[in-house]
Amino acid sequence: METAHKRPNYILIWIYLAVLTAAELGLAFELPITANLKLALLLFLAVWKALLVGLYFMHLKFEKWNLRMLAIIPIPLALILLFAGMSEHIW
Amino acid sequence: MSQAMAGAMQPPFPAERGIEVYNKKLGMWIFLASEVMFFAALIGSYVILRFGATGAWAKPGIVLSIQITAFNTFLLICSSVSMVKAYAAIQDGYQDKMKFWLLMTILGGACFVGIQVYEYIHLVEHGFLPSGVREGSHLAELVENGTLPAATMGLYGSTFFTMTGFHGFHVTCGVISMLYLYLFKALPGKYSPQDFGGIEVVGLYWHFVDLVWIILFTIVYLV
Amino acid sequence: MTTVAATAQAAHAHHDDRSFIQKYIFSTDHKIIGIQFLFLSLFFLMVGGLLAMQIRWQLAYPGKPMPLGNLLPETMAPGGVLLPEYYLQLVTMHGTFMVFFAIMLLLVGVYANFLIPLKIGAHDMAFPRINMASFWSAFASGIVMLMSLFVPEGSSRAGWTMYVPLSARHDYSGAEFGQEMWSISIILFGLSSILGSLNYITTVINNRAAGMTWFRMPLSVWALFITAILGLLAVPVLAGAAIMLLFEQILGTHFFDPAYGGQPILWQHLFWFFGHPEVYILILPAMGMVSELIANGSRKPIFGYHSMVFAIAGIAFLGWIVWGHHMFVSGMNPTLGSTFMVSTLLIAVPSAIKVFNWMGTMWRGNLRFHVPMLHGVAFVAMFTIGGLSGIFMAATPVDMFIHDTYFIVAHLHYVLFGGSLFAIFGGIVFWYPKMFGRMMNETWGKIHFWLTFIFYNGTFFPMHIIGMAGHMRRLYDPTIYDFLKPMQPMNEFISICAFLLYGSQIIFFVNFWWSMFKGKKASQNPWNDNGLEWTTPSPAPHGNWDTLPTVYRGPYEFSAPGASEDYLPQNRKLPTDRDPVLSPAAGH
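Residue numbers (my numbering), protein chains in the order written: chain A, 1 to 91; chain B, 1001 to 1223; chain C, 2001 to 2588.
Hints listed in this document are in silico derivations from the structure and should not be mistaken for laboratory results.
Please read all numbers here as calculations on a predicted model, not as lab measurements.
All C-beta atoms, glycine included, are put in the ideal place defined by N, C-alpha and C.
Any given hint might turn out to be false.
As a list, the in silico DSS-like pairs of lysine-lysine whose alpha-carbon atoms are at most 25 Å apart [what the hints assert, rightly or not]:
#1 61(A) x 1024(B)
#2 38(A) x 1085(B)
#3 1024(B) x 64(A)
#4 61(A) x 1059(B)
#5 1059(B) x 64(A)
#6 6(A) x 1025(B)
#7 1059(B) x 6(A)
#8 1097(B) x 6(A)
Stretch-level coverage of chain A by chain B, calculated; a stretch enters the list once three of its residues show a Cβ under 8 Å from a Cβ in chain B [said to hold, decoys possible]:
#9 15 to 23
#10 57 to 71
#11 75 to 89
Residues from chain C that face chain A, not an exhaustive set, calculated with beta carbons under 8 Å [to be verified]:
#12 2265
#13 2266
#14 2269
#15 2273
#16 2320
#17 2321
#18 2332
#19 2341
#20 2342
#21 2505
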């Protein structure tokens, strides 16, 4: 059972998502920032949007800790695979 | 949801508490965990290949249309909102609102797939293939005049079509599932505020598909 | 009370309305599905063994016509002499069939399905229809893989590990359609595996009977549960990689093609990221089953139950960060390589804990060497040998020399055959009465065990020696190398033992099929065991119990002081037992 909670304002989340998407699009244009900074900002915005969907639409914010653990477990594994593969090209 | 067979006698004590999330929902979260690993393999490969590529990667927007895809992203996000509104509606007992929002979600998802298919046809016509750039095509000219880097176009095509293709496949499966629920469960009024697990579970799947797209849109189209 | 009884009656009548097809072909009953997996996987075990017999013929008598070799088509063995291309198909398909269709299906498809609901006190799995889908997709996958041997150019021949570019380029390997079928089969198999995993995990978390707390679950259930988590998270990566390989072949993608910036080592990382958790999938359920067999045969509780659980979890956890030890000679980043060496050496620790605990269980036990116990003890001894050879490989500098030699082949067969397969044989005999209502013949069971044990060691132990001497794997003709010529008598010895080993399995198969119809009828609890599955008739009926049992203790209360017998089932209530209470602190 979800913990008792006030229902989130889904329309407000939708507005946040739309604003973040617009911000990402803005970044895609030629801005006077380095490519690395642009990449970092884009990733940050994407992760923020993903968290909004996961926490509010998928209700993870209101679920018990053990369900949240279940949802989170694959992420470190995926990152391990990613970094191992990338390490082939670091040095 | 009880695990007892219909009509079988119950033991004198309730079963172990478990995770206190009903089976269908727990099963869907577990399935989504496996889907994370599946997309991690495909997306991770893209990142590893692009990170390790010796040549430059094509600049965003030249091969792919950012404008159309931005609209498509917005569309998918809207369909996620309509999905969660359908869920909220049946939670409160509003059958008609639930049916309306579910239908909106199905239409949004179907439009997303339609636009993706249109984009694919457009790309193939211009010469973009999973194997790279087709000889003699419009994109081949861009490679010739240096607008596009010859060395990495093969990887670009391979990774683009595989990742977005499988995402599109997942969206299609979602649309079909929702259509099935709409026609055979929602319309005949089989959902109620006490029993709307199907909506919640298909909703989780749909939000997940949206979440993957949020990541994909950024790292494939914008970076 | 009458209405409950009436509905119960109606429910039974409803259940017996099922047609033959619903009961036995398209069944959703976990026990029937488990038995379907058993027949399917035993078939593929025989197929894999038959492929191995041909490999052994070629290695012992290279270039000589094989008996019955004239039955094979010209593309495989003209005049009965195996072609090199066919030999490589044999090693590839032997590995593929044995890993996926024999051992994985036997351990997970059979025992996760059959045992989990029975041992936790549930009527069936959480999702019975998904369970059925899991079987039929495994079936389809197996058919595709089998058919790939019979397409004109033959099957894949890149080794079960499918390294690119040999697997990706049919101008290198000569196999086009057969190779594509491998990828398609694996994708179907992945689907089956993932559907199964999600069923097992959900069922164990949510469908346990009253009183069956986490730390009262039998070790076989713990092992199958943790194995299901490994499979859930590792198999999708294989599916992704197989899809990329398939696209490389049919769509002309360039993921692994260096001419276009692709990376061959990417395949290895993807494959082994799956591949290492996979080998723990292939051993953990066997370890779980062995705990049941040894506790039962020793008439003693498992020594260190909690540490056994944590060891299983520890092996599973560490198993995610050791995959690079399969790639020490691949040319990967050497610093990455050394981190893998450390993690691989560490993983020996929980495995050793388990071995010591099995020994502790047997110590001063009232030992009964029934057939399952023989197999359980053999597991511990053979797995230890296999584990010890693993330490050699974990050390990167040593692995430089022994990688891709027969030392590795010895290691993997010691853990997979000496380990997993012995546990499987023991498990089949042990749970046979619950599956089929009859006992397998004890005498022939012992004969089969000893012959298998002797010929198995004769086959695989010498492989350590020839491997150390430099005998390579997947080698068509060892006699072309002068330094290998002195090994040839040993190759012959290994092959003769292998032929006798395969022949000995006839005893098992005859015993298996004959006992099904003519075996001694089994009582409800023929092994005097404590698990919940022994509280229902043999064979177990549809739905397992009318009323689900209530659990009062752990599963290993053998020789409990003060008990009237030397076993004490989990559901028997003693005057001193408290009823299960669902309080917030209830034993989770």
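For each hint, the structure was consulted:
no. : hint            : result
1   : 61(A) x 1024(B) : 19 Å, holds
2   : 38(A) x 1085(B) : 34 Å, violated
3   : 1024(B) x 64(A) : 16 Å, holds
4   : 61(A) x 1059(B) : 37 Å, violated
5   : 1059(B) x 64(A) : 43 Å, violated
6   : 6(A) x 1025(B)  : 21 Å, holds
7   : 1059(B) x 6(A)  : 45 Å, violated
8   : 1097(B) x 6(A)  : 20 Å, holds
9   : 15 to 23        : holds (count 3)
10  : 57 to 71        : holds (count 8)
11  : 75 to 89        : holds (count 9)
12  : 2265            : 6 Å, holds
13  : 2266            : 6 Å, holds
14  : 2269            : 5 Å, holds
15  : 2273            : 5 Å, holds
16  : 2320            : 6 Å, holds
17  : 2321            : 7 Å, holds
18  : 2332            : 6 Å, holds
19  : 2341            : 14 Å, violated
20  : 2342            : 14 Å, violated
21  : 2505            : 38 Å, violated
Hint check: violations occur at hints 2, 4, 5, 7, 19, 20 and 21; the rest are consistent with the structure.
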